[in-house]
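Below are the chains, spelled out letter by letter.
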Amino acid sequence: MEFCAEESCGKCTPCRIGSVRGVEVIDKIIAGHNRSQNLVVLDDLCDLMTDGSLCAMGGLTPMPVRSAMKHFPEDFQKLPTENFSILDATESLATEAGR
Amino acid sequence: MTLIKEPDYGTPAADSEQIVELQIDGQPVKVPAGTSVMRAAALAGFSIPKLCATDSLEAFGSCRLCLVEIEGGRGTPASCTTPVAAGMKVKTQTPKLEKLRRGVMELYISDHPLDCLTCPANGDCELQDMAGVVGLREVRYGFDGENHLDAPTDSSNPYFDFDESKCIACSRCVRACSEVQGTFALTIAGRGFDSKVSASAGELFFSIPSVFPAVPASRPARPRRCRKNRSSTSVCRLVRSSPLARTVASAVPSRPKCAATSWCAWCRTRTAGRTKAIPA
Ligand code: SF4
Ligand code: SF4
Ligand code: FES
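If you read the sequences in order, they're chains S and U.
Counted the way the working numbering counts, the first sequence spans residues 492 to 590.
Counted the way the working numbering counts, the second sequence spans residues 283 to 562.
What the hints contain is simulated information worked out from the structure, not anything from laboratory work.
Any given hint could be a false lead.
[Unchecked claim] Under the rule of at most 20 Å between Cα atoms (straight-line distance), these lysine to any residue pairs were calculated in the SDA-like manner: (1) K381(U) with F563(S); (2) K378(U) with G550(S); (3) K381(U) with D534(S); (4) K478(U) with E498(S).
[What the hints assert, rightly or not] A few chain S residues that don't get close to chain U, going by computed Cβ distances all over 12 Å: (5) C506; (6) E515; (7) S558; (8) A559; (9) M560.
Just so it is clear, the structure is predicted and the values come from calculations on it, not from any experiment.
Just so you know, even glycine gets a beta-carbon here, dropped at the ideal spot from N, CA and C.
Excised from the complex, chain U in its bound form (with noise of 0.2 Å):
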């Protein structure tokens, strides 16, 4: 099952008066002063590879594959995290930056289980569609190095298994779960490659009720809604459970209402195939 792709312009829209005007890759750009160059560019039809940054997010700057080049600027900065400037000069495309790019996704893959063909996100997942983007064609570090591909899966919730041997630890999840839904029951345990998504204290996440409320298996999950998109109905707040769902057994994000991003393990894409039944 493929979510309708709707366009995500990697950060939030700018609540400015001001038009600044500034060239993307030649092309001359107008945007409200405080919009990242992230948005700037897709705005105007470029995209810029991202996997930390969505449009329903403040931008985090973590996964550095949209590095940029600002003329006159030094080094080559995150766009999602860089705000426009007017008269700025900026290059999405470069030698350099593609090489950078594919350094990273090298660095990615070579911690990721290598089993696309029966991945339940195969052919909607992004860290796939951006692996194609940068145009990664091997991972020189091979794939004995130290890994996560052991870890175990967390399926203590009945609406998705939290499987941390394929996150990326972008922290999607995380900022979603303060910044959309306001519940700062999701943190990133440890640090450094030893940097993990845990609900509180290490619990498992079904454990922790105000996240993902207990339901009795005799009864229908109560539909929530979202601080942010009233429209939005989550089950467990960070997954939404559509109507299809609830007869087909799978629980379902929606993007621009739920922040949960569209290829996590919060998600349908991760998880499905091994989303649970809903207990109705």
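This is chain S alone, in the form it adopts within the complex (with noise of 0.2 Å):
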């Protein structure tokens, strides 16, 4: 995502935007805020810009995120170790659980 946040050309929305975001969302992730909401954004984000870019550029970056989320999901389910907050990652083990 920071990839194409510094590469993209900045025509179409889905990756002017989305990658800049897409930076932020996986920050708070890492960070352990409202991790299951924020991991459904991503996907929903990784939707957008593979379907809705115009180039391959913003098509094609969903790739390596969707392959870290597929193949190393426990590297997003990690205690944070910095801004760590107990309340978050109780309640996203919580939903994690329930579903």
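Work from the hints to combine the two standalone chains into their complex.
What follows is the structure, given as structure tokens:
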């Protein structure tokens, strides 16, 4: 996402704004803020960039994100080291367990 | 002050004798070859959400709000940049498209001031309309991310202010300036999230005499004729002053005549309230 934000030409919306939001959402997930909800947001954003971008720059950016989510889901669930909020973490674990 | 709403078919008419028949949401439609799917749909009475397209400019395909599904086709192409083909079966409303369109609007609004109530464009704003059309209810990204909300307003022009924080970088003004006006004075400076409308090398708008002729305060603005539509008299070429405007002191663009959009920074809706008294 960071790479895409850096390289985006800026013509189309999914890539111009989406990549910047993608970096932010992933940062929030890493920091453990509203994790389960933000994972849904990230997933929707990946769909949007894949199907909505004008060219392959934005269209293929979700690929590595998706594959990380698919093959290393535990990395997205790790307890954050900084900004750790036990409330957020338990909440996301609880929702996760409930699914 | 609300402009008279005029139908906007999204892309210019194709001029071809050959007629193509296709299906849009199950309804048979006949249009000249070369017509965009968006225009064909509009002619048949379906309105596909759009922001960057307007029928006085060539399709650009940047906002990605007008995505459609085409049977047998791959992905979700933009209807404004996709020409019709014989036998095409287009779907303009599906749950998938609705979700994508909502996603696009969610991104736009995550970088847009939330001051609709005090915005001069309130009630006559395509961005607002589209947010409603796609059913945007929440912006899950929040509003604390990177944004342009503090972008400065360029007030150097006597007829309008350019409020950069409200610009959605659709390039309509840039395209109007080159395609209709043939002036080529505007461009998008920067790239990616930093893209911004700029008049020649980052200068202030008023300092570009070829776009906005300096008007001595003691003289009324000289009406100018728009190249494409001779009936238009634009004060600053992109923003037309109506006779009313002269007395009431605001500049009003006329969409079909001048391609400046109906809600952008260049025109009344974005700038009204901040439109300035035309020097008379
Ligand atoms: S997806 Fe392509 S066209 Fe769209 S902003 Fe990114 S680089 Fe530009
Ligand atoms: S100033 Fe208006 S027309 Fe120009 S790019 Fe921004 S939103 Fe679009
Ligand atoms: S209207 Fe087709 S991409 Fe903007």
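To see whether the hints hold, each was checked on the structure:
Straight-line distance between C-alpha atoms of K381(U) and F563(S) comes to about 27 Å, which puts the hinted pair past the 20 Å bound. This hinted pair checks out: K378(U) and G550(S) have alpha carbons roughly 16 Å apart, not beyond 20 Å. Between K381(U) and D534(S), the direct Cα distance comes to roughly 12 Å. Compliance with the 20 Å bound is thereby established for this hinted pair. A C-alpha spacing of about 16 Å is found between K478(U) and E498(S), which places the hinted pair at or below 20 Å, so the restraint holds.
The beta carbon of C506(S) sits about 8 Å from the closest Cβ of chain U, which is not more than 12 Å, so the claim that it is off the interface is violated. Distance to chain U contradicts E515(S) as a non-interface residue, since its nearest Cβ pair spans about 5 Å, not more than 12 Å. Once the 12 Å rule is applied to beta carbons, S558(S) is consistent with being away from chain U; the minimum gap is 20 Å. The Cβ of A559(S) sits about 20 Å from the closest Cβ of chain U, beyond the 12 Å cut-off, so the non-interface label holds.
Residue-level check passed: M560(S) sits 17 Å from the nearest beta carbon of chain U, beyond 12 Å.
When each numbered hint is compared with the structure, violations occur for hints 1, 5, 6.
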